[in-house]
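*Asks:* The listed protein sequences derive, respectively, from chains A and B. When we follow the numbering used here, the leftmost residue of the first sequence carries the number -1, and every step to the right adds one. When we follow the numbering used here, the leftmost residue of the second sequence carries the number 463, and every step to the right adds one.
Calculated from the structure, these hints are not laboratory results. In this text the structure is predicted, and so the values were computed from the model without any measurement. Cβ coordinates follow ideal geometry from the N, Cα and C atoms, glycine included. It cannot be assumed that every hint is accurate.
Stretch-level coverage of chain A by chain B, calculated; a stretch enters the list once three of its residues show a Cβ under 8 angstroms from a Cβ in chain B [stated by the list, open to error]: (1) 66 to 78; (2) 104 to 111.
In silico negatives: residues of chain B with every beta carbon more than 12 angstroms from chain A [to be verified]: (3) Lys540; (4) Leu541; (5) Lys564; (6) Arg619.
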Amino acid sequence: MSEGRRERRVEVRRRSAVGRGMTGIRIARLSVQLALLGLFLAMAWAASYPPSGFYPDNLFLRAEPLNALTTALRGFSLAVALPALILLFLTVVSGRFFCAWICPLGTCFDLVPSLGRGKKGGLREIRPRPLQGGEGKDGGGRLRLKYLLLVLVVLLQAAGIGLLWLYDPVVIVNRAALFALSGYLPVIFLALLLLAAVYRPRFWCQELCPAGALFSAASALGKKLPEKASPLALRKEEERCIHCGRCAAACPFEITEVADTRRSGRLALADCALCGECVKACPKEGALALTSFGATLLGSGRGKAARASTEGVEAVG
Amino acid sequence: MGKLWVSRREFLGMAGAGAAAAAAYGLFRSRQDLPPLRPPGIASEEEFSAACLRCQECVRGCLTGCLEPAGPEYGAGKLWTPRFNPDLARCEFELCGRACAKACPASLMSAVPDAEVRLGQAFITRKRCLVWGQGKPCLICYERCRYGAIEADEKGRPHMVPEKCTGCGACQNTCIAEPQKAIIVYPLGRVPEDEGDAGGGGRKRGGV
Ligand code: SF4
Ligand code: SF4
Ligand code: SF4
Ligand code: SF4
Ligand code: SF4
């Protein structure tokens, strides 16, 4: 084990269902997700003759940047690449918001009831994550499988071996939605992914999804961008953070850096999907916030989480 | 392992999953002697089967319903890719505005303009044809071909004019020969040479 790096295990015991109820941010996010999932399904099912003329019929499939990228490699056309380019630009300047707010597969994951998360009296163990560079630096930084898969899929695609069809998150749902055509196998595939979500809500997203890996890589490009220039950002005030680990326990993407980091300001974590769950779970007012161009959209410590005792939350170093 | 790498257990897990996938891939080899026909306007079969997302949008979007997802019999490399099946319907690429091409999120069917579309090549297996094989009057295919790719001789027998055939499938769709259709659209480059006898053996009715 390299110098300055140590394993830390954080155990979080919840005595109440704090952070579980339907509050503003979750209602807002779920509404956006369900509306877009509805639009996605409408587009998938509406693509029958005659073409609706509703441009573009399958916006979600076209906007998925891996598909757009490989399509553009065969012959660039701005009209085809535009939705993906806009999405990638927004990802660079704000982060991987697609995953928490738009992706049809991500929405399906969020609709799956999860075990061991936020249950009354339940105990959830956060998988030990090495802290990179020791105290005061960001943790995480583990090269997840999804990046290897992303490189593999792109290289094989370039070599004429198509694998993207199997891993593209939008297509996985599209095929399952059109099971009347391709049969039940795509539905079973989707169901298996959803089954994994019962235990780790965004297992696929964080460890495997090549599109998610591309989004994470893109968001790392805009890491240095100031909060004021970012349409959607996660802000931390280090002085107010009590390092209780509740944010890490609440994160569906299993990100522990929010708690670990000693930085203030826009966090710009490559894997963060800007869902706001950590902000909602944080008991300290002003410690975490979702912001837009510097203005606070949602601040921590305003709701039930603030009134709840921090008792029962232990960080075992 | 270095700090940027996955744990050994994860690596072994992935290697195992990869091996299982490779084995499954091997089991799903093509059992067809001919590649599937494709929707009109693709650049090449290799590029198409590699790049197609199997999203089924073209199958849904088709005017006539002539497309279907290829089953496992074409191998894992082509599973669920759209297959043009003239037994379902003919392709109306000059009427539908190429609905399949417009529906495709990967823009895979826009390589060729209408005038140059060739989905395949029709071929008459004479011994199965009602006129050639049994001396009965028919010529339905001749009447249905709107490209003048089938001509009738003075005895009422159909002859192919291959250079005029677009592979639209109208003839195959309508052929009434039993139990196997006599006129079938073959993938380009895989058309039987010996007019009269080739392909008369083991193929199922209409199966390509
Ligand atoms: S990681 Fe992939 S599947 Fe998950 S939400 Fe993002 S794009 Fe969708
Ligand atoms: S760090 Fe916070 S905002 Fe980002 S994904 Fe995790 S819970 Fe959501
Ligand atoms: S060109 Fe028209 S009729 Fe032919 S496969 Fe495409 S949508 Fe169907
Ligand atoms: S629409 Fe395009 S990508 Fe989708 S199945 Fe058809 S050919 Fe493949
Ligand atoms: S011969 Fe058959 S496939 Fe060829 S153009 Fe005529 S009807 Fe279409």
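*Asks:* Which of the numbered hints above does this structure break?
*Replies:* As far as the earlier hints go, 2, 3, 4 and 5 are violated by this structure, in ascending order.
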